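**Q** Protein chains in written order, with this note's numbering: chain A, 44 to 324; chain B, 6 to 346.
Bear in mind the hints are in silico, worked out from the structure with no lab data behind them. One should not assume that every hint holds.
What the hints assert, rightly or not - Here are the simulated DSS-like pairs of lysine-lysine, each with C-alpha atoms no more than 27 Å apart in a straight line: (1) B:K320 with A:K288; (2) A:K190 with B:K320; (3) B:K268 with A:K288; (4) B:K141 with B:K215; (5) B:K319 with A:K190; (6) B:K230 with B:K102; (7) B:K268 with B:K102.
Said to hold, decoys possible - Computed list of chain B residues with no C-beta within reach of chain A, every gap over 12 Å: (8) A58; (9) N67; (10) W119; (11) H120; (12) D137; (13) S159; (14) T259.
Model, not experiment: these values are computed from the prediction. Glycine included, every Cβ here is placed at the ideal spot set by N, Cα and C.
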Amino acid sequence: MNIVAEQPWLWAGLLAYLVATLVAMWGLSPRLVGSESVQSHRHERIVLGAIVLGVLLLTIAIAVRWVRIGHGPWLNLFELLMSQLWSLGLIYALLYWRLPGLRPSAAIVMLVMWILGSWVLLLEPADSYFPATYYNVWKWSHVGLGKVFLALLLAGVGLGGVMILRLTERGRRWFRAMPTDAVIDKLAWRLMMLALVFDSLMLITGAVWAQDAWGRYWAWDALETSAFFTWLLLAVGLHIRLSYKVPPWASGVMIISIFVLAFVTYFGMPYVSTVAHKGMV
Amino acid sequence: MMQVLSALASLKLTLLGMVLLGIGAALSYGNPVETSIWVLVMPLALLAINLAAAILTNPRINRQPGLLVFHVGLLGMVVLAGIGRLTHLDAHLEIGKEQAFSPELLMDVRKGPWHAGALDKVVFTQGGFTVDYAPKLRRGLTHSQVFLPQPDGSMLEIDVGDDRPLVLERYRFYTTHNKGFAPVLTWIPEEGERVSGRVHMPSYPLFEYKQDNHWIPPGTEEDIKFWLQLDTGMTLEDAWVLDGRNSSGVLVVTSGDQRVELKPGEETQLPHGRLRFDYLTTWMGYRVFYDPTIQWLFFVSVAGVFGLGQFFWKKLSLTAWTDDDSPTDNNNGTANKRGSV
Numbered sequence: 044m045n046i047v048a049e050q051p052w053l054w055a056g057l058l059a060y061l062v063a064t065l066v067a068m069w070g071l072s073p074r075l076v077g078s079e080s081v082q083s084h085r086h087e088r089i090v091l092g093a094i095v096l097g098v099l100l101l102t103i104a105i106a107v108r109w110v111r112i113g114h115g116p117w118l119n120l121f122e123l124l125m126s127q128l129w130s131l132g133l134i135y136a137l138l139y140w141r142l143p144g145l146r147p148s149a150a151i152v153m154l155v156m157w158i159l160g161s162w163v164l165l166l167e168p169a170d171s172y173f174p175a176t177y178y179n180v181w182k183w184s185h186v187g188l189g190k191v192f193l194a195l196l197l198a199g200v201g202l203g204g205v206m207i208l209r210l211t212e213r214g215r216r217w218f219r220a221m222p223t224d225a226v227i228d229k230l231a232w233r234l235m236m237l238a239l240v241f242d243s244l245m246l247i248t249g250a251v252w253a254q255d256a257w258g259r260y261w262a263w264d265a266l267e268t269s270a271f272f273t274w275l276l277l278a279v280g281l282h283i284r285l286s287y288k289v290p291p292w293a294s295g296v297m298i299i300s301i302f303v304l305a306f307v308t309y310f311g312m313p314y315v316s317t318v319a320h321k322g323m324v
Numbered sequence: 006m007m008q009v010l011s012a013l014a015s016l017k018l019t020l021l022g023m024v025l026l027g028i029g030a031a032l033s034y035g036n037p038v039e040t041s042i043w044v045l046v047m048p049l050a051l052l053a054i055n056l057a058a059a060i061l062t063n064p065r066i067n068r069q070p071g072l073l074v075f076h077v078g079l080l081g082m083v084v085l086a087g088i089g090r091l092t093h094l095d096a097h098l099e100i101g102k103e104q105a106f107s108p109e110l111l112m113d114v115r116k117g118p119w120h121a122g123a124l125d126k127v128v129f130t131q132g133g134f135t136v137d138y139a140p141k142l143r144r145g146l147t148h149s150q151v152f153l154p155q156p157d158g159s160m161l162e163i164d165v166g167d168d169r170p171l172v173l174e175r176y177r178f179y180t181t182h183n184k185g186f187a188p189v190l191t192w193i194p195e196e197g198e199r200v201s202g203r204v205h206m207p208s209y210p211l212f213e214y215k216q217d218n219h220w221i222p223p224g225t226e227e228d229i230k231f232w233l234q235l236d237t238g239m240t241l242e243d244a245w246v247l248d249g250r251n252s253s254g255v256l257v258v259t260s261g262d263q264r265v266e267l268k269p270g271e272e273t274q275l276p277h278g279r280l281r282f283d284y285l286t287t288w289m290g291y292r293v294f295y296d297p298t299i300q301w302l303f304f305v306s307v308a309g310v311f312g313l314g315q316f317f318w319k320k321l322s323l324t325a326w327t328d329d330d331s332p333t334d335n336n337n338g339t340a341n342k343r344g345s346v
């Protein structure tokens with residue numbers, strides 16, 4: 044097996060995320076009720092520190108690869124996963140720091156991150172070629188806004204997962220330190236509102252890029268259709284949430300469904316269509 | 006009247022419209038020929054009516070400036086997209102080096118019934134082009150030279166390519182992967198006027214293996230077949246620049262049983278006249294796009310999202326993000342109140 048320069052940094056970053064995951068899960072243990080570590084929130088500081096360390100190590104991994112192949116992580120699935128692990132970690136660390144109410148849900152969020160982490164470990168770090176249309180400045184804003192959008196959804200998934208798991212006795216014990224479902228639900232949908240803003244801006248900047256790059260702003264290709272479904276489902280979810288009385292578990296299911304669709308758009312569509320975002324022959 | 010508007014503003018109708026729009030989007034995936042535009046137009050029209058009624062009657066929308074701007078923006082986008090489809094033009098263009106643009110050169114033209122662009126005012130002359138290729142024939146930057154006439158009679162040379170379109174009279178000309186070589190030929194018939202023209206060979210290097218075409222001289226039934234043997238310096242292993250100035254070719258001409266190889270400047274006698282291979286030139290393929298609404302779509306959509314952002318910002322900053330950060334024993338909590346986020 045040929046190991047390329049960025050891989051050790053990537054592995055180290057994933058190891059830091061693993062530490063964050065394990066400590067976050069450890070913090071849920073009912074046996075720790077009343078323990079000094081949990082009372083003083085020391086384990087939360089370890090989780091935050093491990094995520095930040097992971098982000099720093101992934102920053103180095105991305106920088107090393109960037110220097111090695113001459114362009115950023117925009118093209119193949121290995122690069123997309125690596126860059127998403129970086130941005131999701133960065134934005135989630137900020138949310139974790141600023142919103143103490145969602146901290147126990149890190150056990151769920153970091154597990155989802157580990158789906159990406161395990162996936163990237165299975166991929167070859169093949170070099171990619173930078174298409175001419177990727178020099179466009181709109182690509183930067185499109186990608187950046189998309190990263191914020193997905194991170195907000197991911198944080199929402201953590202909260203949605205808590206509301207679903209709390210249907211069980213075990214789930215109620217695990218997430219005993221979190222606010223009531225009503226408060227969690229409110230927080231989750233606030234994140235969804237912000238996600239809608241960033242998703243909308245991502246679609247707009249993507250359309251401008253597509254107009255410049257391919258001479259049309261919308262063409263219902265695989266990625267665009269899937270991205271539109273995600274936006275529409277998010278809008279439907281918000282309208283339902285604002286207009287009907289939705290039980291917390293159903294709210295959680297809606298949020299996770301939106302995330303799953305976004306996940307498929309980001310990481311499933313590259314298998315369906317390679318043309319839209321890779322330039323033409 | 007208000008009762009009708011209130012019924013049209015129903016949120017159930019919104020959700021129905023969104024579901025129908027989702028179905029329409031699924032049917033439109035990949036723009037299949039058999040799918041009618043109406044699968045999108047109908048749900049969008051339903052949503053537009055629903056939205057207009059909601060804007061007029063729903064105080065939760067029309068009394069909150071940010072939300073009002075967002076929903077008016079959505080309505081504006083639907084209207085603008087509709088106008089865009091009615092006035093648009095999409096086409097392809099193959100234009101040879103030193104050839105002046107003419108609307109007759111457009112191919113595969115698709116346009117809306119209200120299209121009224123000033124295509125006849127578009128004036129430019131195509132120059133040469135270069136395309137960078139990385140090893141394994143991976144296409145890089147395209148530089149296409151275009152000349153625009155200036156009021157003082159001079160020609161302004163500009164460089165277009167990839168995401169830098171030529172924009173004239175709101176028509177946007179984008180270079181494509183479709184480009185290639187064209188032998189310039191002169192046909193000297195036994196009787197009548199000589200004619201000169203170019204025969205466009207298939208896209209290069211995509212169809213490097215089949216650089217052939219055919220032509221029937223006017224007034225004859227003689228089908229002349231051409232095969233161009235190119236030397237462009239192309240290699241699969243190394244980086245390479247496609248440049249007509251560094252390329253040469255031998256034209257193989259076949260008519261009936263007669264087969265002859267011509268170099269530039271050479272000619273051959275065929276049954277109904279003489280054919281001269283004057284020189285080898287290039288052609289560039291463009292995608293032509295016209296939609297007078299795209300700038301407005303951009304501004305309206307951005308304004309709408311900023312309206313939504315303002316609404317959320319106001320809403321989210323009014324109350325703490327977590328009203329209750331303290332642990333609770335009642336983790337089942339209470340179901341959310343309708344409309345509270």
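**Q** Each hint should be assessed against the structure and marked as holding or not.
**A** A quick look at each hint next to the structure:
1. B:K320 with A:K288: Distance ~20 Å between K320 (chain B) and K288 (chain A) Cα, so the pair holds.
2. A:K190 with B:K320: OK: K190 (chain A) and K320 (chain B) at ~24 Å, within 27 Å.
3. B:K268 with A:K288: Cα-Cα ~81 Å, so violated.
4. B:K141 with B:K215: 19 Å, holds
5. B:K319 with A:K190: Satisfied, since the Cα-Cα distance of roughly 24 Å is no more than 27 Å.
6. B:K230 with B:K102: Holds - the C-alpha atoms of K102 (chain B) and K230 (chain B) are around 23 Å apart, at most 27 Å.
7. B:K268 with B:K102: Roughly 19 Å between the alpha carbons, so the hint for K268 (chain B) and K102 (chain B) holds.
8. A58: Holds: least Cβ distance 15 Å, greater than 12 Å.
9. N67: 16 Å, holds
10. W119: 19 Å, holds
11. H120: 16 Å, holds
12. D137: 8 Å, violated
13. S159: 29 Å, holds
14. T259: Answer for T259 (chain B): holds, closest chain A Cβ roughly 29 Å.
The structure fails hints 3, 12 (numbered hints given earlier, in ascending order).
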